[in-house]
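Throw the hints in and build the complete structure from the sequences for me.
Read off the chains here:
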Amino acid sequence: MAAASVQIADAIAEARPRVIAALAAQLRDLDMAEDAFAEAAETYISKGVAADRPAAWLFITAKRKALDAMRKQAAQERAVSDAAQVSEMSNVIQLPEAIPDERLRLIFICCHPAIALEARTALALKVICGVPVSEIARVFVCNEPAMFQRITRAKTKIYKAGIAFELPPRTAWAERLDAVLLTLELAYTVAYQDAADERDGELAGEVSRLANMLAELLPKEPEVLGLAALIALARSREAARVDEAGAMVPLSQQDCSLWDGALIEHARLLLDQAHAFSRTGPYQVMAAIQLCHARRRTDGTTDWAAILKFYDALMVMRPGAVVALNRAVALSQAESPAAGLAALEELPKEKLQSLRSYHVARADMMIRLGRDEEAKVSLNAALKLDPRSAERRYLEQRLARIE
Amino acid sequence: MQYMLLITEDENIYKGDDGGKLMEETVGKHMALIADMEKAGVYGGGNRLQPGATATTIKYKAGEDTLHDGPYAETHEELGGYYIVEANDLDTAIEWARKIPVPGNGGIEVRPVWQE
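Protein chains in written order, with the numbering used here: chain A, 1 to 403; chain B, 1001 to 1116.
Keep in mind that the hints are not guaranteed to be accurate.
The calculated lysine-lysine pairs, modelled on DSS-like cross-linking and capped at a C-alpha distance of 27 Å, are [stated by the list, open to error]:
1. A/Lys376 - A/Lys351
2. B/Lys1099 - A/Lys157
3. B/Lys1021 - B/Lys1099
4. A/Lys157 - A/Lys72
5. A/Lys351 - A/Lys309
6. A/Lys160 - B/Lys1099
Derived from the structure by calculation, the hints contain no laboratory data.
Dropping the structure here:
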């Protein structure tokens, strides 16, 4: 029974993006699409329908429910335009399994650059993946009513500002796609950090589902493939990121036999596919860096010289404090800890002071240089920056080892 | 749908030696844009406003109203004019908004007009 209900829940989750997207595109109303889908899913669960194509069943049922709701509303308002729409829709409903693939349209709507970045992320997770608002709020460290309001505001903006339920013209894709990729990147960064702490990769799994979906829909956009590869590589290490005691394990010390070889292979194929277009970009470079790390699983080595070159490239494409910091770490491995430290000390401190990764990187280099006292200072500085429990345990362990 | 495109820009850019010439160029671009909008059948009107220094603002606070010399918000950029365009969706309105000449710092606010 429990296994069967898990199966049903999986089938619903699997069907959701395609069904919701088709409903939203036809109804031109996200709330109505979500409500109708929820109702259909409820019927699916309670009646224990053994449909062999759950997506088709859910789509048709949800559409009927939406249609009923619209009819009732149309009768109430005697709105002629609504009635016309309803009769047009009833024709479509006769078709046996017409689920047009509108997922891309829905992604472009939810991730429209006219919507605030954090709201886009929340909206995409809520509407496309069906992640409960309480869960999204927890991960984004925000209370549930505030998160609910953020999502509602984004939906209102879509209707009132007239964000189209159409696929944008090809000429507008560059800007729009950037917004989509940034949305997914933010969603993943947040979900991934959360997964380390809670040892619950559910949300990270949903975001990676979205990234893979986008790669499937846009197989000729190398940066889309790059982001999907990057996320797959991060996910491949999920089982190795936290030890038995609940402490974070840094990449260099992870037991790579725990890494997921299938996900690494999946990422490698995505990157190969991307490179065929000879149009590089930051996501492909970031994925290439992670793929270098993944190689440790096959031959036990890490090519730091190659990683350093990739960071040099990334500094040109997407310069920033975090990239510069990671470049210094790569340099400390490719050349020497002294060289890494020198590069680190050259960076502007104001931005880096608030990053735990800066203090941890500095501590690493200090330890390798035998400067334990300075390493302690850095580790303590990192601990003061309010790390989550898994990272806190790790930092405390390191500090204890020096003392 | 109708959208109002509100132009906020730095007035000072039109002052000084080259200011007059820049103003002339900018006005020319506005005229060309209006012609394009009319040709596309989307132009719903628009106006250029006198400088912010000519503005008078009635401010309300706790039920009292007082008159102030100057625009509502004291910033470096001022509301300088607006367009009304007819567009099917936000992206189309943004496309038109991007064609508005703004030679200095500033911005264009794209707002749907309230419709019942």
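Evaluated hints:
no.: 1; hint: A/Lys376 - A/Lys351; result: 21 Å, holds
no.: 2; hint: B/Lys1099 - A/Lys157; result: 23 Å, holds
no.: 3; hint: B/Lys1021 - B/Lys1099; result: 20 Å, holds
no.: 4; hint: A/Lys157 - A/Lys72; result: 26 Å, holds
no.: 5; hint: A/Lys351 - A/Lys309; result: 24 Å, holds
no.: 6; hint: A/Lys160 - B/Lys1099; result: 23 Å, holds
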